[in-house]
Each structure stands twice: as structure tokens, then as C-alpha cells.
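Residue numbers (the numbering used here), protein chains in the order written: chain A, 1019 to 1410; chain B, 1019 to 1410.
A few of these clues could be false.
Heads up, the list lumps identical chains together, so a pair's fine if it works in one copy or across two of them.
In silico SDA-like pairs for lysine to any residue, Cα to Cα no more than 20 angstroms straight-line [what the hints assert, rightly or not]: (1) LYS1094 - PRO1048; (2) LYS1209 - ALA1182; (3) LYS1028 - THR1156; (4) LYS1094 - GLU1046; (5) LYS1043 - GLN1279; (6) LYS1028 - SER1184; (7) LYS1067 - SER1078; (8) LYS1028 - GLU1161; (9) LYS1410 - TYR1087; (10) LYS1069 - ASP1079; (11) LYS1403 - PRO1351; (12) LYS1069 - GLY1234; (13) LYS1301 - GLU1314; (14) LYS1109 - LEU1237; (15) LYS1069 - SER1083.
These are calculated hints, taken from the structure and not from any lab test.
Protein chains: 2
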Amino acid sequence: MSSSIWQFSKRAAALQSSAIREILKITELPHVISFAGGLPSPNTFPVEKIKQAVDTIMDSDEAFSALQYGPTEGYKPLREWVINLINQREKTKLTVDNVLIVTGSQQALDLIGKALIDEGTKILVETPTYLGGLQTFTQYEPEYVSIASDDQGLNPDLLSDEDAKSANFLYTIPNFQNPTGRRLSAERRKKLADKAIANNLLMIEDDPYGELDYQGHRLPSLISYAPTNTVYLGSFSKILAPGMRLGYVVGPADFIRKLVQLKQAADLHTPSYTQHIAYQVVKDGYLGDHIPKIRELYKKRCEFMLEQLAKYMPNTVRWTKPEGGMFIWVELPEHIDSTALLAIAVQNNVAFVPGETFFATNPRKNCLRLAFVTVPEDRIEQGIKTLAQLIK
Amino acid sequence: MSSSIWQFSKRAAALQSSAIREILKITELPHVISFAGGLPSPNTFPVEKIKQAVDTIMDSDEAFSALQYGPTEGYKPLREWVINLINQREKTKLTVDNVLIVTGSQQALDLIGKALIDEGTKILVETPTYLGGLQTFTQYEPEYVSIASDDQGLNPDLLSDEDAKSANFLYTIPNFQNPTGRRLSAERRKKLADKAIANNLLMIEDDPYGELDYQGHRLPSLISYAPTNTVYLGSFSKILAPGMRLGYVVGPADFIRKLVQLKQAADLHTPSYTQHIAYQVVKDGYLGDHIPKIRELYKKRCEFMLEQLAKYMPNTVRWTKPEGGMFIWVELPEHIDSTALLAIAVQNNVAFVPGETFFATNPRKNCLRLAFVTVPEDRIEQGIKTLAQLIK
Chain A
1019 MSSSIWQFSK RAAALQSSAI REILKITELP HVISFAGGLP SPNTFPVEKI KQAVDTIMDS
1079 DEAFSALQYG PTEGYKPLRE WVINLINQRE KTKLTVDNVL IVTGSQQALD LIGKALIDEG
1139 TKILVETPTY LGGLQTFTQY EPEYVSIASD DQGLNPDLLS DEDAKSANFL YTIPNFQNPT
1199 GRRLSAERRK KLADKAIANN LLMIEDDPYG ELDYQGHRLP SLISYAPTNT VYLGSFSKIL
1259 APGMRLGYVV GPADFIRKLV QLKQAADLHT PSYTQHIAYQ VVKDGYLGDH IPKIRELYKK
1319 RCEFMLEQLA KYMPNTVRWT KPEGGMFIWV ELPEHIDSTA LLAIAVQNNV AFVPGETFFA
1379 TNPRKNCLRL AFVTVPEDRI EQGIKTLAQL IK
Chain B
1019 MSSSIWQFSK RAAALQSSAI REILKITELP HVISFAGGLP SPNTFPVEKI KQAVDTIMDS
1079 DEAFSALQYG PTEGYKPLRE WVINLINQRE KTKLTVDNVL IVTGSQQALD LIGKALIDEG
1139 TKILVETPTY LGGLQTFTQY EPEYVSIASD DQGLNPDLLS DEDAKSANFL YTIPNFQNPT
1199 GRRLSAERRK KLADKAIANN LLMIEDDPYG ELDYQGHRLP SLISYAPTNT VYLGSFSKIL
1259 APGMRLGYVV GPADFIRKLV QLKQAADLHT PSYTQHIAYQ VVKDGYLGDH IPKIRELYKK
1319 RCEFMLEQLA KYMPNTVRWT KPEGGMFIWV ELPEHIDSTA LLAIAVQNNV AFVPGETFFA
1379 TNPRKNCLRL AFVTVPEDRI EQGIKTLAQL IK
């Protein structure tokens, strides 16, 4: 697309407005039972605690620094908090020079794409994978190689040494993956990390859902096994509030320095105001009480949806049984196209995200993603019942 | 720069850590009199008003939407407020489809670079111009053509029809420009807009300082003369608080739609939380009382610095006499290199930004930028006196 006045760049012209997104806009109407969103439940937002944090900041001289420009790297106390968390949890020995605060972890994906992808750069993605990651990387015109996954997550045996050596990085979401809800097994984490080390492969470990582990039994992250080969992305969106747009990148110091340069050009720095609030909220261990409440709510909703799937779906339909996170991945019989199904489902006031959008290469048409955390139980039952009838 | 584990993209490898930035880091120490920063005065931050706004939001159900994911285009009431402001002030007839809220107007520059620059795309910049604009555009590898400016700002007579026709856009800061403090005259605005219309040239009108007009006598913006040829960038950083990172883009609807797609990949959306706060602060006309106080403070500081320059500088030195904004541009005798002068000045506890960084092509070495709004009067006098002695 271009006009007589300007000409869009090649990368911008290649961006298509998504037909699926247009359909999903309809699903925001209140009478639609939407399993399409990726939103956390607003019932988990710590409104009172955030209000207290804001009052503390605004009643002191900290107000002036919270409202002023700040360093591109991020608010130092928040960076220190992040690195202490990672060092304790992952047994790493990283410093504040290994952390950059970003405007939501989506920004980290964009900065990483800018930093590492030229036209034709080979990158590895597990498949299926996060749609927003694919959209962002695609702007920089990489050549994708997809690595298949199964119920234990990405299969490192299917990653050849040749691909591992020639690719610039691997993008993976080991915990309660978007869209599948799968978790990479402990054994495979070790195997993947060993392979990365042996082949000098950089791993981009995207971990927005790691804390949403229903049993509270976290597996070590890839950065724990291979700290020099891993760039770890964390987020406050699912444990605090996404409207703050706060995430972080932890990685090798020279890599972080380059991201800082790119971030300066992208938005100077993440809002000081929200960084100060987040630090004030988390600094005294509040998340230790808060996160278990989110897990409990999400576990209950997930179990309920799994029950409804078992109750209503024909036995030709399969689905994942997540141990954490926000998503269930459904595989329909081969002949059903989930994008066509969506059009009919929306007419029946039910929505989901068709699976084909989550594939970098060779999209599978017979899959779909269900999100359960924002839908009340009676509507989950009604929605699954309707979907099952349409599939039959 | 690359490592054995990853290879930086061509655009990332080309980014240099700036020697000047390294020197300026030292100048953040409290004993240094720094005229280098581009920070607004924290005395102008409406702390009480923001606190009230936050309380109003957090005490109502609005808290949940302020903390949740939001639309990429921005918070609709804030977009409506912006477009009403522009329509009233500039006599345009634009709608909410012409507005995108961004994470500070630096992000607008990055999205515009992404949208409009391929390797070798010709773009026009007034010279000197905003360093952060140049850094951002340079990532996308344009071919720059510089248009000279004088005391009345960019000179449209020096913009050839050939360049106007072949360039993809012109980047300009008509009001109290960074770094010169100059304002484009009314006559030149009209002439430039006519030339843009005649040659199908897109103008990127960056206007962070427009409200900081000491006499409160605003000239019509370029978008007022040529709405279909102009993309206007506004900011809350200088009239509210930069730590919120809030700006906006106003332009043709099809251009805005493309920026929305790019912004979705860049950071999903600008923080809902800060957008809700800003709207709550500005919606009932608060800025009408607040902005005159900022103007008064800045005018006083500017006049004071101009007096000190007249008092201490040798008569071989020239400087601009801004009618608004935050910066004074100083021209030294041709033989003085301002970057070398900075190294000596810092040893004498005074800092500024050397002029050469503000040129896309053919940098001039004998200029420098002074910022006055955050420095108390006694320190302005002391700093200018020291600089004058070093120049002599």
C-alpha cells in the first residue's frame, strides 16, 4: 500500500491487517463468550496495594523522579530486584548490568528482532508459537526453521546440530506455552541447553507464564543451565497488571548494552512512573502472597474447562492438560478448518483463536486456542457445549 | 561487534556508543553545572493534581481498565481529547481515526522510521536537528538531505522542488526547535506547506515545545496549512511529566492504521495506566491554568541566561534569542571545536552538548546547545562565566 504523498517501506507494506483480528473484534461484544483473549483476570489485579504504592511515592520526594525522564536501562532498584530474583531462583551469578527494563515483554521481542535479524537471517522457533513473537520477528525478514513440539514441549532431538550452528537464535516459551499451555520437561531443558552450549546457539527464553504454575513447582529455567547462551524475558503483566506494560530482559552484558542503544531510539526509556510503582509494590515480598491467589483461581478455571471438554467434546477431539498458565490447545479432526469454524462459532456467540496463526511455517488448520481465565464457569460450560455441537 | 554465540544485525552493529554520551554521564554528578540535559524542570510537575487523578481512578471501577491490556490505538477518551484540541487550535476537521497514542513521541519517530525508510530512502531534515530523531531514522539507513535554517527556522527557498518530489518525507520541529530554540516564521510556514502540497511531500511536524511559547502567541502548525501532507507529533512530556512517556501522532487515517500495526509489534500499546491518569488530569481544562506557569518559569530562566551570555561572552560569540522552549544555540568562533571545549569544561565542572551531534550531514564543530530550565540562576551565572573564560 502506498499513497501519492508517501511510500511505505518494504517491511511496513508487507504487514497485513489480519482477517482473523477483524473477526475477533466482533467478539469483544458482551454477549459473546470469548475464549479468544489472552487477558489476565482483572480479579487478580492488586488495586489496593497499587493505590498504597502510588500514595507512598506521591507523598514523598520520590514523586519528582517518578515523573522525570529516567535512564534507558530502567529504574535501578527495580533492576536490582529483578536480578536478585533471578539469581536466587536460577542459581545464577548475574549483576544489574545483565538487566534491562522494557515497556512490556513485547518490546523485548521487537528489540531482539532489531538486534539480531537481517533479511534472510535463520532463526529457530518451536511450533506452534506465540503469534506476537512471529509478527514482530517477521518485520525484520528472517528465514524461519520450525522445531516440532509434543506434550513435553519442544523436542530437542528434532533440532539438528546443523540448524543449531547456523541459526542466530532459538525462540522458545518453556513454561505453559502460548498457545499450547505445554511445559518443557526437565529432561528436555537439560538436553536443549547442552545442545545450545555445544553449538554456540543463543536461546531467547520467553517466560511470561512461569509463575502461573498451579502446583507452585517451578522447573529451572534455561538460563539456569546455560546462562551465557540465554536471554531471558520476564513480565509483570500476568502477576501484577498488564496495563503497566512492564517487562525485563536478562542476558549477557554486551547483549544488554546493545539492546539499551536500540531501546533509547525506540522510546528513550520505560515510563519511570510505572517502574517506581511496581518496585514499591514488589520490594517487600508482596508477590509471595499474591501469586498463589492467581494460581488458585486459574487452576480452578482450567480444571473446570477441562471437565467441560471431557463432558461435551466428541472423542475425535484432543486437547492439552496444562499444569499452569492461561491456555488450552485443542486439536480437531483433520478435515475441520478452525478458521472456518470460527466464523460459524461467532454467529453462535462463541469465539476462540484459530490455530493456523501460531505457525511460522506449514500452518495446521485443525487446531485452536482456548483461554479460560476471564470467563465465568457457567459461560465456560455454555461456550464449550456450543463449540462441541458445532464440531459434531 | 559480534560474539561467537550471536551475530548482531547490520543495523545494530552500526550503532555506536557515543563518546559524547560517555562524557555527559560524568556531568550528572551534583557538583557539575549542567546545561547539557533536555529535562523539563521538576518544579513544573503537577504532583498534587496527578495524585488526585490516581485516587479518582483507583477508587472506582476504572481501576480495572487502567490496569488491563488496552487497544493499540490508545485510550479512546484521550484520543478524543487530543483530536478536539488539534481541531480547535488548528482549524482542522480530523476524527479519532487520525490519532494514535504513543509511548512518548520518541516512539513516534521510531514507528515513522520503520514505516517510511528502506535502505537508501531519501529523507529531508532541517539542519541542525534533534539528535534523537537522527539516531532513530539512521537505524533504517536513509539517505539524508539537509536543509539549512537561519534565525527564522528552516528556509523553504533552499528546498528544491526536485528534493521535495524525490524525498519520502521532511522532518522538522517548527516551534522552539531542539537544538536551536528557533521558531519557523509564519510566512515560511505557509511557503513550506505550499511547497509540500505542490510536490506531494509528506512533512513530519515534531512539536514537543509548541506550548512553551513565552508570550502565549502560538503560530498555526503546518498541519493547519496542509492537513493531508502532515503527520503531527505531540507530547505530554513538557507540559505534564516526561516520566509518564506519553505522546501522540495525528495524521492521515491510512497512515495511522499502518503505524498501529507497527506499534502492536513494538509494545502492544502505551501503558493504560498512564493514559488514564493523563486523561483524568487534562479532561477539565487543567492545562489552561498549568501551562502559563511553566511558560513564566522558563521565560525567566531564558532571559536570565541571555543576560549572562551578553555580560560574559566575548563579542566573537553569537547565540539565538528564543521566544519559547528550553534551549539556546551558541556559535563560537570557527576555530573552536566544541567537543574539545566540552572536555575542558567538564574539568571545570560545566557541561553542555556539542553541536556536531545535531547534524545529519556536514557537522559544524563550533556550535553548542545550552539548556537552562533546570539550573538555578546563581549556577547559570557561574556556569556561563566559566564557559566564557574558557572560550577566551
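Checklist entry - Are there hints from earlier that the structure breaks, and if so, what are their numbers? => result Numbers 9, 12, 13 - these are the hints that the structure violates, sorted from lowest upward.
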